[in-house]
Every structure is written in structure tokens, then in C-alpha cells.
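Required output: the full structure, derived from the provided sequences and hints.
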Amino acid sequence: MHALLADSTLTGGLLTLAQSDFPHALSTLTLNHYLFVSAAMFALGIIGFLTRRNLIIMFLCTELMFQAAGLALIAFGRYHLNFDGQSFVIFVLTIAAAEAAMALALVVLLFRRRESLDADLWAELKG
Amino acid sequence: MTDKLALVWPEIWLFVTTCVVMVVGLSPDLRVRKLCGWISALGLVVAIGAAVPVAHAGGLFPSITPYAKGMIGVVGLMLLPLLAGTVDRDLDAAIESGKATFSALRSNRAEFYAFFLFSLTGLMLTASADDLIWLFLALELTSLPTYIMVTISTRGTRSQEAGVKYFFLGALGAAIFLYGFALIYGATGTTDLAEIAAAFRAQSEAGGLNTIGVAGLAVALIGLCFKIAAVPMHMYAADVYQGAASGVSAMLAFVPKTAGFLAIIMLCGAVGWTHGATHDSLPAPIYILLWVIAAATMFTGNLLAIRQSSVKRILAYSSVAHSGYMLVGVIAGPGSGHGTFWDNGIAAVLFYLLTYGVTNVGTFAVLASIQKPNGEEADDIADIRGLHGTRPHLAGAMLLCVLSLLGMPPLLGFFGKVGLFTSAISAGEIPLVIVLGLNSAIAAFYYLRIARAAYLEPADEHVETRAGPIPQRVFAAVLSASAVVLLLTVAQMLMERSVTASGYHAPHAGMADTPHEALDLTRADD
Amino acid sequence: MLVLLILLPLLFGVAVLLRPPAAAKWWALGGTSLCLAIGAMLVGRFFANASPDVPFQAQGSFAWLPALGLNLSVGIDSVATLLIGLTLLLGPICVGASWTAIPQHRARLFYGWLLVLQAAMVGVFAARDLLVFYTCFEFTLLPMFVMINEFGSTNRHKAATKFFLYTFTGSIIALAGLVYTAWAVGTRATGVDGFTLDIATLTEHASHVLTAREQALVLLAMLCGFAVKVPLFPFHTWLPLAHTEAPTAGSVILAGVLLKLGTYAMYRFVLPLVPHAVLEHAPAVAILAIIGIIYAGLICWVQTDVKKLVAYSSVSHLGFCVLGLFALNSAGVTGSVLYMLNHGLSTGALFLLVGFMYERYHTRDMREIGGLGAKMPIWSTFMVFFVMSSVGLPGLNGFPSEFLCTMGAFISHTGWTSGAARHVGATWGPLGPWFGFAAGTGVIVAAIYLLAMVAKMVWGTLREPAVHHGEHDHHAGGPHLPVDLTAREIMTLLPIGVLCIVFGLFPTQTLIGAIESDVNAQVAFVHERSGEAPTEHEAHFAQQEHRQQRDAGRDEQIAGVKP
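Protein chains in written order, with numbering that gives the first Met the number 0: chain V, 0 to 126; chain P, 0 to 525; chain Y, 0 to 562.
It is worth saying that the hints were derived from the structure and are not from the lab. Don't take every hint at face value.
Now the in silico label distances, taken between C-beta atoms and shown as ranges [as the list claims (entries may be wrong)]: (1) V:110 with P:470: 32 to 40 Å; (2) V:99 with P:284: 33 to 41 Å; (3) Y:489 with P:465: 26 to 34 Å.
This structure is a prediction, so every number in the text was calculated from the model and none was measured. We put the beta carbon where it would ideally sit given N, CA and C, even for glycine.
As C-alpha cells, then:
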């Protein structure tokens, strides 16, 4: 597969991030654009995590950050023309799924105890 | 493929043990289930045995695995008796008093041990990581089980609260360092650590490191601060340590911290200690970042620890401070490579991890061996007052461990600290050494409080404590305290091993198989 | 024999812990007495064999971690021998002084730690490598902490913590300085392979490899540690508190030996390791010492608590000791070493006397108590005697040391260099007449406050506290003490008194003669090395060369293995 890609670079010049049958507007996308979206997702994730107090929203924010990393990985992988990035993303998705399972378990546990999902209710431990 | 397999035999054995423990743990017979601890111990012993002979792997730190995995196995073995009886305590008590019969569904023992072994497997995998993907998966395998262990470690709401806090901040940390990994990959075009190192080297020789690469390293390091409980990701430590059972807290102070430091060492190794004016330090942004983190972590940990009244919280903040101490060794780097313990910061960190892990078991084991009337483990400093009158061996263990953490010569902790001192001095980090010295002195304040409470002060009249029901924990305390003294006899061997382990295969530009073009963010496609 | 002196107290300490509490003090007495006997033999043998060619005797070394350059080695020169003698002498005296003051159920804790403390103190003086030195230096803190914290008076927790934190902070910074020196020697000195903590090697090379700036930094770091211990003027605040709260034996050891660890470390490390910086900055240190002398003296003047008065007088007196040391000439350094011994004797005895009085009256306030001459004639006699010794009455031991220190400072002036600093009184050094003059006023202040104290305590009308405070009386039910000193108490004071007279009347024949050659060699060494420090360029070059040599050696080794 790698060899094939390398071939196409030789014959077809630089591979485009967007394939030729995509609308033309997408074909002018550079790595920069993808990274910008990914950085925005990441920043939104962090901001959301720090400002929201609902546990499910907070968890979704971390998911957003995971996916931001995934998007960056894919974009970089396409840019570098190797599969490291894409295979990384597969693992990231797996881990994200595992974390989602745990998060939901914890959220259910919390809801049973407190009947609320407000993170501020958990304040038994203080220094 | 097979040569890589040969490197991970310890992990394979641990994994097999984990599976056995899980299956045995399904047995309807309580006596069979109680074997889980013993099987885990056996698996750890086998893993240590498998770790020692593996001498050489590829990558940046080719010889780190035997020492790191040996250390992980030994401290894991010491943690086992401390973790005994963490879950199923109420159930066991009820069965013993005849109030209940054994119910296979209510017992979590096997899962608990299995998670512990999973976490150690992840930790060992971190030590053998030579790839960003591998590193990420290993770090997650280390952390995910600990979230559950914290949550189920006691039946109270406090450990559930601790679990939630730990999990959510852990997920945040993981997302942050994952994003850092992605940027590193982007800057170098590979996830193989040695190739990343070569690419960074080529970039710095060609005129400067790629901005995205440096940013990625910085982001990844900040994310890893969660694992080592360093500023700015230290906030969870006190709450989580206090909420979890003492055994799990002791584990948290060693396992994620070791994983974090191994990862940090590898990332710093990828960029190399070959930058700066004299070509012997990390690149300036990373250097400044780590410097600030180290100093802030030391001061924050120690100053917050002084204000606490709960021993667990004190130990948690002191664990934060210890991370700061070790970062000094990371900043100092592997030195000139002339192979002595004294100018090798990485060896100092590896040795310090061992001393800290061994010693820390003791402090938490003492707490775990004392029970309050309501069945909870000792936590407040009032609970350990007068310990020398009722349980002198525990008081003695506490005294020895605390003094070792303080760095009192001639105990084990002192040599760990001296290693950090000398390596930082030989790297020219005089201001950091002063910060380190000052902080060791601040730490004396709260360590003395613990030692005085346990060893000198009379018991408070209104505080009632009694011996915990689990003799293994007392064994763990005494074991750790005696290790603080007895390991001195083999200190030379340990220090030499840590020097060998820190052997750093410095990257050179021609190392990578494929040439890397410079990253051009604006390269348009058409 | 030296090792025996370190290990025996530890063994007896274990014995004390294992035996029933009633036997604790007997075991402690036996242990310290045995050590004293061995120590007497050691001192005797040392001076019988003493010769200027072999400065260090009774050397022993144990290669503990050879590959890392860590050896445990001991050895003594004349200064160390005398200070070990002082330590061992105070051992049984402290046990005797605590005989009734320590309640029996806590006796094991007290005497066990007392013995550990003695082992650590001997270890500091006997150390010939930094590992032993630093370990023992730090390990003196712990027993003292326990003694103050557990057996002190009302404010003991604060005092113990302050004592520990001050000295621990200082000594960590000192450790950084010492380790830096060891690192510089290990990476630059020719003929030194790798990291070493051997004091002889470090002394030999340090001044050749450290640049002027490094020497100044190392000096600062070491002073941070050792000046806190002494204590020098701005770092002294822990001492009065620790002294007033400590039990009698604790105070005696603190004043008698522990403070000397600081000055001894200055003598052993600061002077020879960084002579260039010492010469340059000696006036600054001397000014601190003089401020300490006068400031502490003035505080003594207005003190009403006898024990605090004696404690502040320690600060003042040790100022002389440091002043003499930094005069850097034979007179000053000799005086300083004499001061270490004599201050240990006379101030130790003063603390004993104050302690004996406190045991009877449970107060140390001079407004409540006084005119004891009529009621306690023996106590008063000793009091007057030791105050005279402390004031520096000619004929008693305080005089020669104080005189030599002051004179050393007075004649210490580079302009007057005779060039051959090989006999006592050689005039060389960084200070000058003004320093001697200022210190001289300190002598007068000392005379005023000590004599005023004696006047109030011994003469005048008898004042006694009306009622013993119940809360102070924590040995209620203990043996009732007679009005004046008992035979046991007299026995603790008598040997000190005899030594005070002997050292006072025959200083040259006893002490000065004993330490002369070592001190002169030290002064000559400092003199010789203080001239020039290597420049940064030279240091860097030495480091490069050292590295190349080491690499060459390594390559040869590798080549030898794989032909």
C-alpha cells in the first residue's frame, strides 16, 4: 500500500488531500485548514471542560478533545503519506470507547447516589 | 516482530496471570477466590524473572527495560500485601461473623487484583514503548484500571467521588497528551520514537526545530503532568488520595507516576539533551517549561502539604513535591554519558522512583493497618498519635519511612536525593539545586509532624483506634521500612543498574530510514 | 578504636531500649563511662604517637560502594581528638545530670537517644569522608529533636521544630556546596578519577580547581549550613529558644558539643576547601561574628531568665570562636580551637548549675530568685568559679582562648605579613586591629552581664519563689532533693572544674602544645592556597582535559577487552 502511494506521488505529482472527484472548493484545502479545525475543537473541549459542571457535558468535552487529536492525526497522516496517523486514530477510537463506557458507569453511579449530575455536588473531600 | 515479542515476556506473563486471576475469581468457592492474591504474587515474581535477562532493545533507551520492569515488579509485590482486603471487607466480615453467606456476585476480589495486574502490565509496557501509539496505549492501560480501583476501593461515597474526579481529570490529561502526540507526529511524520528523534535532530541541524513539534512536546508534557501529579495538573491528588483506600493511594503514588516519568523521559529523549548554548540541555522552550513546572511543583506541593491535617493529604501533596524533585533530574539529563551515577539525571530519576516507591508503601501501609471505630482506615493526624505506645512496630516503620522520604542520611531516600543534587549540579543547574534544597527543608516541617505524632506524642483521648483486621498490611509496612534500611546494602548494585538503564542512545540525523521533508503548513494541493 | 567509639554507644542504645526502664540509666551510665575509658586511651595513645608527619591517626576505611566513590572512612588529628575527648567526657556527666530529672517511664527514650547522639557526634569529629560526616552531622538533629520535644519545658514543641528546621535547612544548603566541590574535584582535578567524597582528596585539590566565583558561592553555601549551627549572628534565633526549652543534659550537649560541630566544620572544610574566598570574605564573616558578640552580650544584660542568659552568652562566645578562625593566623585559629573546648567545659558546667537550681526551684527567673550564696554554698562556689572561667579570668581556661582569638584578630593584617606563618603568633590575615578592638569591647560586656548575674543569683538578699508552681512540678513524687548539691551532682561538676584549672594554668603544655603543629599546618595551607584561584577559562580547560583523559582510559580499557 505504501509503495502504491509512493508511486502515485511519482506519477501524479503531489497527492491532494481532497480527491479529484470532490468539489473543487475542497481541493484547495491545505493541512492548515484541518489543523485549524482540530485546534478549535481542542480549545472548545478544554474551555467546555473547565466551565461546564454537568458531568455528561464534561465528558463530551473530553471526547471532543480526543476527536480533535484524531482529526489532526488523520490530516497529518494524509500529509505525510503514511499510515501511522490513521492507525493511531483507530486505537484512539478504541480507547475513547473504553473511556466512554467507564464514564457512563460512573455517571450512573453518581446519579443513583445524588439524583443529579452536578459535579459541584461532589465536595465531600476538601483540604 | 518476534524480536519485539521477546522484549515483552514480562508483560505477557503478567497478562496471562491476569487472565488466570479473572477466571479463578469466578469460582463459587471463597477459599479458591482467596487464592487470587497468591496467584498475582506468583505472576509478579515470574514477570520479574522474565524482565531481568532482557538486556538490549532498540530505541532511545535500549537498556531501560530490565531495571524499570524489575522495579515495577518489586514495588508491585510490596503493594500486594498492602492491597489485601481492600475490597470485600464488609462481606468477609459478615461471613466471618456468620451474618451472611458467601455470594459470588457480591465479591469483587478477583476483579480488583486483575485491574491491579492490568495496570502493572500497562506500566511495564510503558517501559518498553518505542512508538507513540504504543506509549499512548500503555499509558491508558496503566490508568484505566486505576480509575475503577479508586472507585471500588471502599464502600463509602468518598471513594466514588475520588473516582469520578480522578477519571474526569485523567481523561482530560489523556486528551491533552494525545493531542501533543498528534502534533509530534505531524512535525516528524512518524510515530517511531527513534525516528522522531532522528527527525528532530535533522531539523535542529538544518536550522531549528519545527514549531509544531516543540508545541506538541510541550502539550504532551503538560498532559503527562497529570500522571505525575505535577503543576498544573496536581489538583486532584489530595482529594483522590484521601478518598481512595490507603492501599490504592499508595499504588497511585507509584504506578501512574512511574508511567508518567518513563513517558516524559522518552519524550525528552526524543528531542534530546543536545540543545542550548553548550549543546547539553533541552531545547529552550521545553527547558523553560520543565523548569517552571519543576519549581512550581516543588513549592506548591510542599507549601500545601504544610496546611493539611490529614496524613493522606499530606502524603498526597508530598507526592506532588517529589514529582517536582524528580523533574530536576529530567532537566539535568543523562549527563555527558561517562557512566557514573553522580552526573546522570536520568539514572537519578530511575533510582529515585525506586526509593520513593519502596518507601511510600510503608507510610500508606501504616495508615492502612489502623482502623477507626467505624471501620474506616486511619486518615487524620490525630489517628496516628500515640502509635508508639500501642503499636511500636508501626510507629517505627512510620518513622523510618518518613525520615527516608525527608532524605535523612543514611537512609535510602537520602541517596536518591543526592543523586538528583549531583546530577543537577553537574548540569550547571545551580538555581534548581537551591530550589530543591529549600524545598527539602520545607518538607521537613510536615514530615516531622507525622513522625512526631506517630513516635512521640501521646494518643488523643477522644480518638479511638484499633488494629486493622488484615495482618498482611502490617507486613507491608514492616517490609517497606526494613527495605529502606536493607536496600542500602545493595545500593551500589541498584545505582549501577540505574546507570545502565539510563543509557541513552543519542539520535543522529542519518538514523532514520527515510528522509523527512520539512513541514510546510501552507502547501496547497491541486 | 574510633569505629568502636561510634558503634558502642549505638549498641548500648539498643540495650537501653531492650532492658526494662529502671535499668536504662545504669546502662547509659555504663555505656558512656566505657566510651570515656576507651576515649581516654585513644587520646593518650594519640598524643603518645603524635608527630607532625602523620597528622591523622587511627585511620580506618571501609569501601562501601567503591564503584560510586563512596567509602566510609575515619581518622583523627589532634583537634578532632580533643573534641572527641570533650564529647566523651560530657557523656557520663549528662547521664549523671539527668539521673533524677528524667521520669523513669520515659527513661528508655531519653537515654537511648542520648547514646545515639553521642555516637553521631563522635562520628562527625572522626569522619574522613563527606558521607560519614554528613550522615552524622544530620543525625545529631534527630536525638536532639526528641530530647527537646519530649523532655523540654512548656514551649518545647515550637523550640524543637524551630531547631530542626533551621539546622536542617542550613545543612542541606551546605550539602549542596560540599557536593559541588566534590563534583568539581571529580571532574577537573588531575589524578582524581571520578566522584570522590574523601576529605583528604577534596582538601588537596579543591582550592586548585574552583574558580574565585565558585569559591565564593561554595563559601556562602557552607556558611549557610555551618553558621546556623554555630550560630552566627543573623541565624542565631533558634538557639536561645532551644536552650531554654531543652532538658539540662540536652542543653549541656547542645552548648558543649553540638555548637562546636559548626565551628569544627568551618575549621575542617571552609578554611581549606575555599581559601581564596575565605581570605576575601573573612572581614564580612568577622563583622557578623563581632555583631553577634556585642548584640548577644547586650541581650544578656537585660535577660531575667538565667538559662536564656547563658544561652545568649553562648552566641556571644562563639562569635569569638568564629572571629579567631577567620583571623586566619596561628594565634587566631589556635585560640578558636581552644575556645571550642573551653566553651564546652565552662558553658556546659553553667547549664548544669542552672539545671540543678531549676530542679529545686522550678523557676529560672532572676527576679524571683537570688542570694543563694547563703542557702546553697556549694552550688554558689561552683557558680562563681565557672562564671569566672567563662568571663575569662586569667588563670582559668577561658582566658587563653579568648585572649588568643582577640589577639589573632588584632594582629591579623596582610600589611604585616611576615611570610612565615609557622609559629603561634605569626601575623597574617585579612582582619585588623579594629576587629580586635571591637571584640575586646565584647569581653567587657561579657564581664558585665555575667558578673551582674552572679551578683543577683549568689549574693544579695535571699529571694525564693513563694510556692512551687504546680504545673511546673512534673516530677511530683520523684526523689526529694536536698537544699544544696548532692554528691552525684558534685561529681558531675568536679571533673569539669579540674580541667578548667589545668587548662587555665598550663594552656601551652596541655592544649596549645597538642594542637600546635596541626593548626600551624592548616594555617600555612590556607596561606599558601589563598593566593590565586583558577580562572574560569582554566577551570573549563581542566574539565576538558580531565574528560579527555578519562575517555582515553576508557578506550584503552575497551581496546584491552576487545583486541
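Outcome of the hint check:
no.: 1; hint: V:110 with P:470: 32 to 40 Å; result: 39 Å, holds
no.: 2; hint: V:99 with P:284: 33 to 41 Å; result: 34 Å, holds
no.: 3; hint: Y:489 with P:465: 26 to 34 Å; result: 50 Å, violated
In summary, the structure is inconsistent with hint 3 from the numbered list given earlier, while agreeing with all the others.
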